[in-house]
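Engineer: Here is what each chain is made of, one letter per residue.
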Amino acid sequence: MIVNWTVFIIIVGCALVTMIPRVAPFFVVRNMVLPQAVMKWLSYIPVCIFTALVVESMLDKQSGTLHIEWPAVIVLVPTLLVALKTKSLSLTVVVGVVCMAVVRFFW
Amino acid sequence: MLTHQMECTKEVPIASSPTFMEGVRDCIPTLLGYISIGLAAGVVGAASGLSVMEMGFMSLLVYAGAAQFIICALLAVHTPISAIVLTTFIVNLRNFLLSATLAPHFGKYSLLNNIGTGLLVTDESFGVAATRLASGKPLSNRWMHGLNLTAYIVWVISCTLGTLFGNWIADPQMFGLDYALTAMFIALLVLQLGNVVPAKLKHYLKLMAYMVIAMVVLSLFVSTQLAIILATVIVATIGVVTER
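Protein chains in written order, with our numbering: chain E, -7 to 99; chain W, 181 to 424.
Just so you know, the hints here were simulated from the structure itself, not pulled from any lab data.
Backbone N, C-alpha and C fix where the C-beta goes; we use that ideal spot for every residue, glycine too.
A hint or two may mislead.
[Said to hold, decoys possible] Cross-link-like lysine-lysine pairs, in silico, BS3-like; alpha carbons within 30 Å at most:
(1) E:53 with W:386
(2) W:382 with E:79
(3) W:288 with E:77
(4) E:53 with W:288
(5) W:380 with E:32
(6) W:317 with E:53
(7) E:79 with W:317
(8) E:32 with W:386
(9) W:317 with E:77
(10) W:317 with E:32
(11) W:288 with E:32
(12) E:79 with W:386
[Stated by the list, open to error] Here are some chain W residues pointing at chain E (derived, C-beta under 10 Å):
(13) 291
(14) 374
(15) 378
(16) 403
Work out the full structure: start from the sequences and follow the hints.
Structural biologist: Laid out in structure tokens, this is it:
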């Protein structure tokens, strides 16, 4: 088993910058009661962030310019339908993965 | 990290608050997602030259789906350390919003216990917890640890196995496994909307439309990862302001 020194430093660095945003809010919120408006704002976060993540999967900016990831747009339709119909996480994942494999095969 | 959590789960049970085992059970529907994404991440890791040990370390310490894919991709093209760490920071910054949403519900537990909870929050475990909250059920630290630890263990095993298998699989994308991540987000979004009061559904659908617009427009100027955070902050604010 080999662990490259540079890779190890990168992993530790990435771990630290990931831990900070994960833990920081717990330190802040402990010592204060949040105002009603902030609680309301936080209640919108789940829907907003999952919408953002789904939209992000359909965008590609790796080459510097923004492109639409068409396979992801196509697969969104059957995956969303299954999610709405079944409300099942597992089934949605299976259908999404299979549809993506099929679309990529023909794309 | 693990030992802390194990100790914390030994707290005196509080009546009617969900148990550790209930958390484990509530994690099960998401496991297929963790397994497929973990395997895919492992295969990608192997393809970018990571050893099984290195990938194991990464999933243990970083523990973040999308970020691990990106780290592997950057390692493969020999990106400088600072750039990889900065990118990871931006990609995982949204965790701040997730933890901020959950934290008010864990105020009564010890700081150490809260750190244990926060360290293992993922998009998916957040989704399961937020869905539980939206349906009016209480959260507890034991339940959250059950949920988090189950996901964590399955993730680390899946990533490690993926790297082992990686040598035999040429192109992981061909199997569509990486799409498990997005499929899970779609299902979690639908579950969230399912718990919205019918009178407010129109308000939420409008906000989702704003999200799509904000994501596309912001992505023209900043990275798509940064756009996620900015768009969420902007549209959640619009949500509060336009709420009747």
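Engineer: Going through the numbered hints above, which ones does this structure break? Give me the numbers in ascending order.
Structural biologist: 3, 4, 6, 15
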